[in-house]
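> Chains as they are written, first to last, in our numbering: chain A, 574 to 737; chain B, 33 to 409; chain C, 228 to 392.
Do not take every clue at face value.
Unchecked claim - In silico BS3-like links for lysine-lysine, alpha-carbon gap of 25 Å or less:
{"no.": "1", "chain 1": "B", "residue 1": "K272", "chain 2": "A", "residue 2": "K658"}
{"no.": "2", "chain 1": "B", "residue 1": "K94", "chain 2": "A", "residue 2": "K669"}
{"no.": "3", "chain 1": "A", "residue 1": "K712", "chain 2": "B", "residue 2": "K94"}
{"no.": "4", "chain 1": "B", "residue 1": "K94", "chain 2": "A", "residue 2": "K727"}
{"no.": "5", "chain 1": "A", "residue 1": "K727", "chain 2": "B", "residue 2": "K364"}
{"no.": "6", "chain 1": "C", "residue 1": "K242", "chain 2": "B", "residue 2": "K326"}
{"no.": "7", "chain 1": "B", "residue 1": "K219", "chain 2": "A", "residue 2": "K658"}
{"no.": "8", "chain 1": "A", "residue 1": "K645", "chain 2": "A", "residue 2": "K601"}
{"no.": "9", "chain 1": "B", "residue 1": "K252", "chain 2": "B", "residue 2": "K272"}
{"no.": "10", "chain 1": "B", "residue 1": "K219", "chain 2": "C", "residue 2": "K243"}
{"no.": "11", "chain 1": "B", "residue 1": "K364", "chain 2": "A", "residue 2": "K669"}
{"no.": "12", "chain 1": "B", "residue 1": "K364", "chain 2": "A", "residue 2": "K645"}
{"no.": "13", "chain 1": "A", "residue 1": "K646", "chain 2": "A", "residue 2": "K712"}
{"no.": "14", "chain 1": "B", "residue 1": "K94", "chain 2": "A", "residue 2": "K645"}
{"no.": "15", "chain 1": "B", "residue 1": "K94", "chain 2": "A", "residue 2": "K703"}
{"no.": "16", "chain 1": "B", "residue 1": "K94", "chain 2": "A", "residue 2": "K730"}
{"no.": "17", "chain 1": "B", "residue 1": "K364", "chain 2": "A", "residue 2": "K646"}
{"no.": "18", "chain 1": "C", "residue 1": "K242", "chain 2": "B", "residue 2": "K332"}
{"no.": "19", "chain 1": "A", "residue 1": "K669", "chain 2": "A", "residue 2": "K727"}
{"no.": "20", "chain 1": "B", "residue 1": "K94", "chain 2": "A", "residue 2": "K646"}
{"no.": "21", "chain 1": "B", "residue 1": "K252", "chain 2": "A", "residue 2": "K658"}
{"no.": "22", "chain 1": "B", "residue 1": "K219", "chain 2": "C", "residue 2": "K303"}
{"no.": "23", "chain 1": "B", "residue 1": "K219", "chain 2": "C", "residue 2": "K270"}
{"no.": "24", "chain 1": "A", "residue 1": "K614", "chain 2": "A", "residue 2": "K727"}
{"no.": "25", "chain 1": "C", "residue 1": "K270", "chain 2": "B", "residue 2": "K326"}
{"no.": "26", "chain 1": "A", "residue 1": "K730", "chain 2": "B", "residue 2": "K364"}
Just so you know, the hints here were simulated from the structure itself, not pulled from any lab data. From a predicted model like this one, the values you see are computed outputs, not experimental measurements.
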Amino acid sequence: MNQATPTREEVLISQLKNRFPEAVKEGKVDRARYVTLTFEKDHLLEIAEFMRNEMVFDHVKGIAGVDYPAHKKIEVLYFIGSFSKAEIEDLVVVLKTELPRETAVIASVTSIWPSSHFFERETFEMFGVKFEGHPDMRKLLTLDNWEGPPPMLKDVKFPEIGQR
Amino acid sequence: MMTQTPTPNITYNKTDEPSTLDVSVGPQHPGSGHVRLLMRVDGDYIVSIDPDIGYVHRGCEKIAEYRTAVSSIPHLERPCIIDAIHLNWAYVLPIEELQGVVVPPRGNYICTIAAEMNRIMSHLYWLAINAGVFSGHTTIFMWAFGDRDLFIELAEWLTGARLTYSFIPPGGPRRDLPFGFEERLTKLLDYFERRLVEYDRIFFRNPLVIARAKGVGILKREDAIKLGVTGPVLRGSGVKYDVRKLEPYGAYQELEFEIPSYEEGDSYARFLVRFEEMKQSIHIIRQALKKMPKGPIARKAPLIIPEGEAIGRVESSRGELMYMVQGDNSDKPYRVKIMNGSFRNLIAMPALIRNVHIADMPIIYGSLDYWPVEADR
Amino acid sequence: MILEEMYEGVKHIFKKTFTMKYPYEKVLLPKGFRGRHLLYLEKCTGCGICAWICPERCISMVPITDNKEYYQNPEKRFPQYWYARCCFCHFCTDYCPTGALDYTPDYELAEYDRNLLLWSPERLSKPPTNIGQYKSTFHGTNGSRGVTYQPASSKPTQRATSNDS
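Chain A extracted, bound-state conformation:
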């Protein structure tokens, strides 16, 4: 056979692209076992519902925010994995989406994946991203009376105290 059988990662990307042609923008496989998918933020709940029910991805390993002040956007990354299905047990799927920097609002996935509860609280506090539908949105790690800007944004400079 000239054409190799598609790997699991490629099957996964094509399955998601066929189901959501307008929502999933691109998918790539940088190395084995890691799939990165970029999608539109408005379709998050549909994609999450499909991934949990049909493809049996059942937990969130972490949610990260990345600040790009030069491009005026904040990226939110979801790291999804599966415990129940043995064929995809070692995959890590990274779902990436972009939010505008001034009004960063996205739907919360706690109704679909309960494991994302504390991760969304931390991303709200560190980057100022609001998750709509989260049952308990309050500060997690910083002081109770912290009034300043979200600490992980690139505008907040880390004070360097050094001898040089």
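Based on these hints, arrange chains B and C on the given structure of chain A.
Relative to chain A, chains B and C alone:
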């Protein structure tokens, strides 16, 4: 299609019944770091709990953007200092992947031996404090710390420091095994295997410990999968998930070992998972010492982190540890994201400590092996 | 059976104890123990790599001011250590291109005055004097007897630097 069982309840009940009382446990340092638990108590029963964390938050992710890759190794290994090799290794794996550096086989074996020694040390600390002192058993506290000191002295001989190793910069470990290290380590492992039998008799078969831990804090398999817990908490509920088998890093591809797991899901099962893991670590170290190849231990790594994004995963003592590093062609990374086992297991606390006696709370907290400094970063 | 578990604990009453009488007896530290640093003034070129790599930014390069005959070039710089911040990772020792820094087994650095923790290059170049004066012990595991403690020798044995054998 996955059938949907009800999600476990993790909310803090806000009803104002006159018989309940809000008790704040903390902010105090229960053996491993500052944490505060806000409990709603009705007589002798804890109705619900709200973990108030963040007392040890130091901004590790922000600091890592201001330091070069080598210079941030001491910062990023301090969150869980008793497990320092794993935190160090998980940070270095994505940087090596972005830079294209391949560690020679002997270097991988040395890192594996150091990592498994560190796992034994971390589980001994857990046994002494989180399982021993929290249940009132101070004998196992003395014994486990005494035996842990023997491992620390060997690690001091290997790396130069007792606890803060900073042993793995990008490219491979810093030092080779000293002359005479294998004999002394083998003698120590023989001695430690005999001690594990004594631990079994005095602690794990102790009727008081069994009465306090069996049937307490049961985490069913479906709930464990939904809540996304990791590490021994997950393996104590019947899910065999270990990164060392799924995505072998270091020298784990060539070593044989088993993953212990128990079906019951109560605190006693989580105790036994860590006990069995110590035995498996002894087995891994013995194999690695026999199979170790000769050759160089490290390669030179460049100073610049190229553009791109990489993820490194290891299995630390508390669970799956993932670092995501984004580089932008300078010597400092653009973004470092840390996802560790303690922060993922945090959600099990309000789910499990619900409608239990007050005396069950230290046992459940100890069986989760929550390390506050690691969770807060 | 509960008697088995109780015997396990009770048998330790009849074992010998060991107490190491610090500071008269100290543990024999291995070669390459990461204590404070030792600077060889002849080898240092003043490149500043140690200051650049230091994670805590505790090294700065200064000229020697208290011993004017020691250096050949009055504009030469040497590292000065702020030990209140040092985390003893010894990246500076490993990355020095000429090998001008060395490990010492000296860990007793406490001072009554905080300013004395800023070590000048002159002070760093003197090998430690407070070690090797007392009996050292080491312990190891031995077959069926478990952990054994023995004096390394009755004469002082601690090495001053890691380069001495």
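> Each hint: holds or not?
For each hint, the structure was consulted:
no., hint, in the structure
1, B:K272 - A:K658, "12 Å, holds"
2, B:K94 - A:K669, "21 Å, holds"
3, A:K712 - B:K94, "17 Å, holds"
4, B:K94 - A:K727, "9 Å, holds"
5, A:K727 - B:K364, "14 Å, holds"
6, C:K242 - B:K326, "43 Å, violated"
7, B:K219 - A:K658, "42 Å, violated"
8, A:K645 - A:K601, "24 Å, holds"
9, B:K252 - B:K272, "14 Å, holds"
10, B:K219 - C:K243, "21 Å, holds"
11, B:K364 - A:K669, "23 Å, holds"
12, B:K364 - A:K645, "21 Å, holds"
13, A:K646 - A:K712, "22 Å, holds"
14, B:K94 - A:K645, "19 Å, holds"
15, B:K94 - A:K703, "21 Å, holds"
16, B:K94 - A:K730, "9 Å, holds"
17, B:K364 - A:K646, "21 Å, holds"
18, C:K242 - B:K332, "51 Å, violated"
19, A:K669 - A:K727, "19 Å, holds"
20, B:K94 - A:K646, "18 Å, holds"
21, B:K252 - A:K658, "18 Å, holds"
22, B:K219 - C:K303, "51 Å, violated"
23, B:K219 - C:K270, "41 Å, violated"
24, A:K614 - A:K727, "22 Å, holds"
25, C:K270 - B:K326, "33 Å, violated"
26, A:K730 - B:K364, "15 Å, holds"
Consistency note: the structure conflicts with the earlier hints numbered 6, 7, 18, 22, 23 and 25.
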